[in-house]
Each structure stands twice: as C-alpha cells, then as structure tokens.
Amino acid sequence: MSEVREPGFDRIVALVLRWGAYGCFFIMLAGLLTGLFLHGQLPARIERAGVLLMLATPVVRVAVACFLFFHEKDWKYGTISLGVLTILLLGAVFGIGEH
Amino acid sequence: MLSLLLVVLGFFAGLLGALTGIGGGILLTPILALHFGIPIREAIGTSLVAVITTSAASSSVHLQRHTTDIRLGMTLELATSLGAAVTAYLVDYFNRNWLEGLFAAFLLYSSITILVRRGRIKDETPMPANGVVTIPPYEPQRYPLGLSASLVAGGLSGLLGIGGGPIKVPVMFIFMNVPLMVATATSNFMIGVTAAASALVYYRRGDILVELAAPLAVGVFLGSLLGARLAPRIHTKYVVYLLVAIMLYLAAHLAVHIFRGGLS
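Chains as they are written, first to last, in my numbering: chain U, 1 to 99; chain F, 1 to 264.
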C-alpha cells in the first residue's frame with residue numbers, strides 16, 4: 001500500500017503548498033516594502049492578508065487531498081482527510097478566550 | 001528597523017532549520033520571548049506562522065522527490081491536529097513558568113535527538129544527483145503507538161509553537177518501521193497542518209502578532225530556500241553543532257528566567 005507512489009497526487013499537493021508559500025512570501029514582502037514608504041493601515045492590512053493566506057494553505061492542502069482521495073474512490077483515506085479538515089475548521093470557527 | 005531585524009532572524013532560523021532538518025519554531029519562540037520581550041503566548045502564536053511557512057516550502061520539495069507518504073501523514077495528522085488544537089485552547093491554563101520549563105526540556109531533548117540522528121544519517125546513501133530516489137518497500141506498523149505519540153507531538157506543538165519533528169521522525173523511523181528519508185519528509189509534511197490547527201486558534205484569540213509574523217515569515221522563507229539548496233553541498237557537521245549550541249544556550253536562558261521569576 002504505502003510503497004505505491006502516485007506521482008500525479010504528489011505533484012498536485014506540492015503545487016498547492018508551493019503556490020501558498022510563494023504567494024504568502026510575495027504578499028508579506030509587499031506589505032513590508034509598502035510599510036517603508038507608506039504610513040497608515042495599508043501595510044498592516046497587506047501583511048495580515050499574507051498571514052491569513054499562510055494559515056489557509058495547510059487547510060486547502062488537506063481539502064485538496066481529501067477531494068483527490070474521494071476522486072480515486074479511496075474511501076478510507078478520504079474519510080481520514082475529512083476528519084483532519086473538520087478539526088482544522090473547528091479551530092478556525094470556535095475561537096475562545098479572545099481578547 | 002525592527003522588521004529588518006526580524007527578517008534577518010527568520011532568515012537564520014530558516015537556514016539552520018533547512019540545513020539540519022528541524023523547523024525554525026524551536027529557535028523562534030524562545031528568541032521572541034527572551035530577546036524581544038514578547039509574552040510567551042504571543043511568541044508561540046507568532047512563531048507558528050513561521051513554522052507553517054517552513055513546512056509548506058520544504059515539503060513541496062520533498063513531495064516532488066516522492067519521498068512523502070501522504071497516507072501515513074494524513075492518518076497521523078488526525079492525532080497531531082487534534083492534540084495541537086486542544087492544547088492551543090488550553091494554553092491559558094498553563095502557568096508561564098511551566099511552559100518555559102517544558103520548552104527548556106524540549107530543547108534539551110531535541111539537542112540529543114539531533115546529535116544521535118547525525119550518527120545515523122551517515123549510513124544513509126546520499127541523494128542521487130538526478131533527484132530520483134528509490135525507497136525500499138515498507139509497511140507502516142504499530143499505528144496505535146504512532147497515533148498516541150502523534151497526539152503528544154501535536155499537543156506540544158500547540159503548547160510551544162514548534163513543529164514537533166524531533167518527536168515525529170523517531171516515532172515513525174524506530175516504532176513504525178518507516179525509512180528515515182520517508183519519516184523526515186512525512187514529518188515535514190505533517191508539520192504545516194499540525195501548526196495550522198493551533199495557529200488558527202491562536203489567531204482567533206489575537207495571539208498572532210501580524211506585524212512580527214510577516215517579517216519573520218519572509219526571512220524564514222528565504223532562509224529555508226537557500227538552506228535547501230546548500231544542504232547537499234555543505235558539511236552539515238558544524239552547522240549541527242552550532243544549532244545544538246544555540247539550543248542549549250536558549251534552554252539555559254529559559255531556566256535562568258524561570259528562577260528569576262519568569263517573563264512578563
């Protein structure tokens with residue numbers, strides 16, 4: 001089971017992670033650079049967008065893998081991925097002790 | 001000015017992390033807390049963002065080499081993300097000195113595993129130039145043990161703002177019978193999701209300092225890209241000693257802080 005490698009599967013998941021990492025890098029860099037020249041809310045907002053995209057990247061990665069498993073009719077690992085996705089989303093929805 | 005300093009700090013943490021196979025979080029949380037005077041909970045949340053960045057950047061490389069076991073990773077992520085989310089909720093109930101003591105203990109433990117692993121890596125065949133890796137067939141074993149250890153690793157991740165690689169790799173390699181190369185790649189892969197599970201909770205609570213997290217992540221990203229390129233060419237022996245020295249210094253510094261009455 002585990003020795004079977006699916007190159008296509010790996011490549012798609014790798015793409016999600018790479019786009020997420022590079023995307024966040026450039027957004028955060030843009031935030032830092034605008035912060036050098038501009039004052040006010042804009043740089044902080046750009047940086048926040050970058051951080052949020054970074055937090056979302058692993059969630060998207062799990063969602064994509066979940067979709068791919070179900071697409072391959074791999075019910076067992078599709079369900080496992082769905083479980084991981086649920087835990088992630090519960091953490092995102094129920095923030096407690098906010099200050 | 002502070003931003004530039006954080007970019008540089010992130011860069012070196014990312015570089016050291018990529019060269020030695022640990023995430024940057026283990027260095028960033030204590031440095032933020034001890035040297036930047038950031039409350040430990042915010043230091044944890046902020047360093048989690050850098051941990052996710054490292055994991056995303058480096059595991060996309062591992063995935064292309066097809067050394068990641070996505071199925072095994074996803075299964076263990078059930079336990080790591082559950083542990084991470086739960087401790088992220090509960091972190092308020094932990095005494096600050098207790099957290100710092102736990103962190104110091106984890107730094108000591110990680111130093112030992114890094115030194116021990118160095119002896120093992122020498123036996124592994126080096127990465128072939130064309131990037132095609134042949135992995136002997138294997139079947140992960142002892143899932144209950146692996147899942148329990150992953151729950152602990154996830155819990156520590158949510159509590160300390162680290163990736164938890166020094167726990168996941170030995171568990172997969174020694175107990176679950178997974179080849180070291182696959183264990184390393186899969187641990188890296190899992191770290192992003194584990195850290196995200198707790199980071200989302202920290203974010204909702206307002207414990208991620210965006211103005212610090214962004215420059216850190218930028219630096220970490222650049223550092224880990226450079227480190228991943230340098231890793232096959234550079235003699236990592238001295239880098240490992242440097243890393244262990246920094247970790248022991250931070251552990252000692254944390255211990256001193258606890259005895260002096262703790263951080264703010």
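It is worth saying that the hints were derived from the structure and are not from the lab.
Don't take every hint at face value.
Claimed, not checked - Cβ-to-Cβ under 7 Å is the rule here; a few derived chain F residues that face chain U:
1. 37
2. 49
3. 57
4. 59
5. 74
6. 77
7. 213
8. 215
Note that the structure is predicted; figures quoted are calculated from it, not measured.
The beta-carbon is built from N, C-alpha and C at its ideal position, and this holds for glycine as well.
Hint-by-hint comparison with the structure:
The restraint placing residue 37 of chain F at the interface with chain U is violated, with a minimum CB-CB distance near 19 Å, outside the 7 Å limit. A least Cβ separation of about 6 Å between residue 49 of chain F and chain U falls short of the 7 Å threshold, and the interface hint therefore holds. Taking 7 Å as the C-beta cut-off, the interface hint given for residue 57 of chain F holds, the closest approach to chain U being about 4 Å. A cut of 7 Å between beta carbons decides the hint on residue 59 of chain F: the least distance to chain U is about 6 Å, and the hint holds.
Satisfaction of the interface hint for residue 74 of chain F is found here, the shortest Cβ-Cβ separation to chain U being roughly 5 Å, below the 7 Å cut-off. Annotation: residue 77 of chain F was flagged as interfacial toward chain U, and the flag holds, the nearest CB pair being 5 Å apart, inside 7 Å. This hint holds: residue 213 of chain F has a C-beta 5 Å from the nearest C-beta of chain U, less than the 7 Å allowed. Given hint, residue 215 of chain F at the interface with chain U, holds; its Cβ is 6 Å from that chain's nearest Cβ, closer than 7 Å.
Figure legend: structure checked against the earlier numbered hints; the only hint not met is number 1.
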